[in-house]
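Fit chain B to the supplied structure of chain A, relying on the hints for placement.
Spelled out, the chains give:
Number of protein chains: 2
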Amino acid sequence: MKRFLNITLLISCFCFEAGWSQETQIVEDFKPSTINQADKQFPQVNSQRRVRASIAAPNANKVQLDLGGVKYDMRKDENGVWTGESNPQDEGFHYYQLNIDGASVPDPGSLYFYGAGRSGSGIEIPARDQEFFALKEVPHGLVSENIYFSKLTNSFRHCFIYTPPGYTDNEKTRYPVLYLQHGSFEDESGWSAQGRANLILDNLIASKQATPMIIVMDNGYAYKPQNKESAAKKERPESIFEEVLITEIIPMIDSKFRTLANREHRAIAGLSMGANQTMRIMMNHVDTFSYYGGFSGTANYPSVDPIDASTFLEGKYKDGKAVNKKIKLFWLGLGTKEPSPFPKSIGAFKTMLDQQGIKYVYYESPETAHEWLTWRRCLYQFASKLFK
Amino acid sequence: MKRFLNITLLISCFCFEAGWSQETQIVEDFKPSTINQADKQFPQVNSQRRVRASIAAPNANKVQLDLGGVKYDMRKDENGVWTGESNPQDEGFHYYQLNIDGASVPDPGSLYFYGAGRSGSGIEIPARDQEFFALKEVPHGLVSENIYFSKLTNSFRHCFIYTPPGYTDNEKTRYPVLYLQHGSFEDESGWSAQGRANLILDNLIASKQATPMIIVMDNGYAYKPQNKESAAKKERPESIFEEVLITEIIPMIDSKFRTLANREHRAIAGLSMGANQTMRIMMNHVDTFSYYGGFSGTANYPSVDPIDASTFLEGKYKDGKAVNKKIKLFWLGLGTKEPSPFPKSIGAFKTMLDQQGIKYVYYESPETAHEWLTWRRCLYQFASKLFK
Numbered sequence: 001m002k003r004f005l006n007i008t009l010l011i012s013c014f015c016f017e018a019g020w021s022q023e024t025q026i027v028e029d030f031k032p033s034t035i036n037q038a039d040k041q042f043p044q045v046n047s048q049r050r051v052r053a054s055i056a057a058p059n060a061n062k063v064q065l066d067l068g069g070v071k072y073d074m075r076k077d078e079n080g081v082w083t084g085e086s087n088p089q090d091e092g093f094h095y096y097q098l099n100i101d102g103a104s105v106p107d108p109g110s111l112y113f114y115g116a117g118r119s120g121s122g123i124e125i126p127a128r129d130q131e132f133f134a135l136k137e138v139p140h141g142l143v144s145e146n147i148y149f150s151k152l153t154n155s156f157r158h159c160f161i162y163t164p165p166g167y168t169d170n171e172k173t174r175y176p177v178l179y180l181q182h183g184s185f186e187d188e189s190g191w192s193a194q195g196r197a198n199l200i201l202d203n204l205i206a207s208k209q210a211t212p213m214i215i216v217m218d219n220g221y222a223y224k225p226q227n228k229e230s231a232a233k234k235e236r237p238e239s240i241f242e243e244v245l246i247t248e249i250i251p252m253i254d255s256k257f258r259t260l261a262n263r264e265h266r267a268i269a270g271l272s273m274g275a276n277q278t279m280r281i282m283m284n285h286v287d288t289f290s291y292y293g294g295f296s297g298t299a300n301y302p303s304v305d306p307i308d309a310s311t312f313l314e315g316k317y318k319d320g321k322a323v324n325k326k327i328k329l330f331w332l333g334l335g336t337k338e339p340s341p342f343p344k345s346i347g348a349f350k351t352m353l354d355q356q357g358i359k360y361v362y363y364e365s366p367e368t369a370h371e372w373l374t375w376r377r378c379l380y381q382f383a384s385k386l387f388k
Numbered sequence: 001m002k003r004f005l006n007i008t009l010l011i012s013c014f015c016f017e018a019g020w021s022q023e024t025q026i027v028e029d030f031k032p033s034t035i036n037q038a039d040k041q042f043p044q045v046n047s048q049r050r051v052r053a054s055i056a057a058p059n060a061n062k063v064q065l066d067l068g069g070v071k072y073d074m075r076k077d078e079n080g081v082w083t084g085e086s087n088p089q090d091e092g093f094h095y096y097q098l099n100i101d102g103a104s105v106p107d108p109g110s111l112y113f114y115g116a117g118r119s120g121s122g123i124e125i126p127a128r129d130q131e132f133f134a135l136k137e138v139p140h141g142l143v144s145e146n147i148y149f150s151k152l153t154n155s156f157r158h159c160f161i162y163t164p165p166g167y168t169d170n171e172k173t174r175y176p177v178l179y180l181q182h183g184s185f186e187d188e189s190g191w192s193a194q195g196r197a198n199l200i201l202d203n204l205i206a207s208k209q210a211t212p213m214i215i216v217m218d219n220g221y222a223y224k225p226q227n228k229e230s231a232a233k234k235e236r237p238e239s240i241f242e243e244v245l246i247t248e249i250i251p252m253i254d255s256k257f258r259t260l261a262n263r264e265h266r267a268i269a270g271l272s273m274g275a276n277q278t279m280r281i282m283m284n285h286v287d288t289f290s291y292y293g294g295f296s297g298t299a300n301y302p303s304v305d306p307i308d309a310s311t312f313l314e315g316k317y318k319d320g321k322a323v324n325k326k327i328k329l330f331w332l333g334l335g336t337k338e339p340s341p342f343p344k345s346i347g348a349f350k351t352m353l354d355q356q357g358i359k360y361v362y363y364e365s366p367e368t369a370h371e372w373l374t375w376r377r378c379l380y381q382f383a384s385k386l387f388k
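If you read the sequences in order, they're chains A and B. Under full-length UniProt numbering, the first sequence has 354 at position 354, and the numbering climbs by one with no breaks. Under full-length UniProt numbering, the second sequence has 159 at position 159, and the numbering climbs by one with no breaks.
To be clear, the hints were calculated from the coordinates, so they are not data collected in a lab. Hints are not guaranteed to be accurate.
[As the list claims (entries may be wrong)] Coverage of chain A stretches by chain B, computed from C-beta distances (three or more under 8 Å per stretch; other residues unrestricted):
(1) 53–63
(2) 139–145
(3) 368–380
None of these values were measured; they are calculated from a predicted model. Using N, Cα and C, we set each Cβ at its ideal position, and we do this for glycine too.
Same shape as in the complex, but just chain A (with noise of 0.2 Å):
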């Protein structure tokens, strides 16, 4: 029993000791976020990619930064600023929140982006590569917003629309047209907030990896009207996202942009719930669409089990030889820290591309989960690829 005893105090001892000394071992070289609001000091990162954050809360009992799934302490200085810092975290864009007392909010220091289901806080950890999606000294295209009344769905929607450097330069020069869509909990303004389309674009274009094309970025969540019965119900509304894409916002696009209006000149791409979306509306509409890109998702999500060629989406990858004659070019993306199902689901969908004889391009990206550094990749290596 004393025996058992000294082991476990040698083991608390060297607890204490590896938590002190993990603290002792945070570097103090960090800098202001790259994505802070202007002039303001907090959130910071270093070279160990750890965030500190600060808040002043000189009444508060407790305050946490909130990221990535863990909440972390923060301290009270002697003039009721808190600061505290969080593990080393994977280089890119994270969501995360401050907590103040148990109220989740957003940090006063950083920018807002709409994810997670409401717009907060976002943080940018300097990522290796992050060349490819940088604010360059290259010719810039444009991000437009426009405002649409759908009549499918009875409401006003938004789009962005990004044209390519040259757009308003030539007026007669007309351009293919990537559908671009964001995941579950995100909105239109994602891919060019958080996910940086426009400067991953302008930078390929630039470079010339890139064939100069219009991106559209819609909102996926789309629904049927409820009449007052169902809403009273609470009834989950019919998602009409795929017909209000193909009868309401392609010939919206294709009237007031100059447009290539064909097969051959339209693509269509999504991340995570995105890519299952897309992944339906290009197989039921393979005379719209000629080129696919699936970014941590495809449309048996969330299953892992083997798949059926002859029932899977109504056996629309049964013939192998049609679907490759059919599509130019079938992407799928992946980070190689992506949690459960998605590995496992994405393989089970590539071994059915396999047994069918499916041509695809399969990327992963290295040492990134479900997250925006994975979708920015992704887009950079799947846009060199398009309208080529």
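Only chain B this time, still in chain A's reference frame:
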């Protein structure tokens, strides 16, 4: 002494009664603010124009609604949710925040707007005349974000450009341009986000009350790059917005967009600091602009003293006849509830114009202070008189 005490008691009782009766007078017809995040129930506004905020903060000691310079104590319920109401507010848009145990943070329920030097919460009190800035089923223009590198400031800058409905349809038509500036501690996003400039113009154009025009909304803060010495001394950098506008922004807009690139088709206007800035720019560049709008500001701000036209702005108003000949419209606006020094400062400026025999239009926005409803109304009035 006893009598005195009784009076004091009586007064105390009366005050308590008054406080209590004021509280019971809150009308329970609160509805979610029209500028909340999707599906967020709070903040709310009632028919008395009171704001009700609500936030879960189970471990907080004190939570306040901080609106219009007043901090209203909120009450905690058994679930740890704090709720509180403001006094009645003016109609229109207001910035606000929550205060949790001394921490000033955005309300997680509202959309965020850049103003008061931060991106933070906004609330919309329905205005009696809100139809003129409402989102309606009329043709909508685009609001495009344009990124450019400014050599003069050695920095990347952004501007938003409103192009009217029809701009993308007929690619031969050229349009007049209004350069429209924000106020202090605001930025280029203000006029389309909280100002609703795009919706105001969409509605004016749909009812044929305004000539279709392009509106350029840039950032009024532009500084000469500092050398290390002056930066180390924390010297105030030199503002060069006038130079940036005249030599970088206007040529860029005239090359990227189908403008009518002459003074007859160029207007300039601004609110508060922007009114002051643009008035100086207008008077220095009467060969560039022919219409001027000053919303809640003039170039003599903050002075309320009589103006000597022979010296003010280097005598630019000395020759009233020449000013009348050059400037097609000189337009000034003010809210009836604006605080000191605006009424007297703008009053002194008007007196000078009268003395010089300079023609101008003067508009007063009823029951609004130095806030966005004043400026929305100013834009509505001003834009309807341009380019005719």
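Report the numbers of all earlier hints that the structure fails to satisfy, in ascending order. 3
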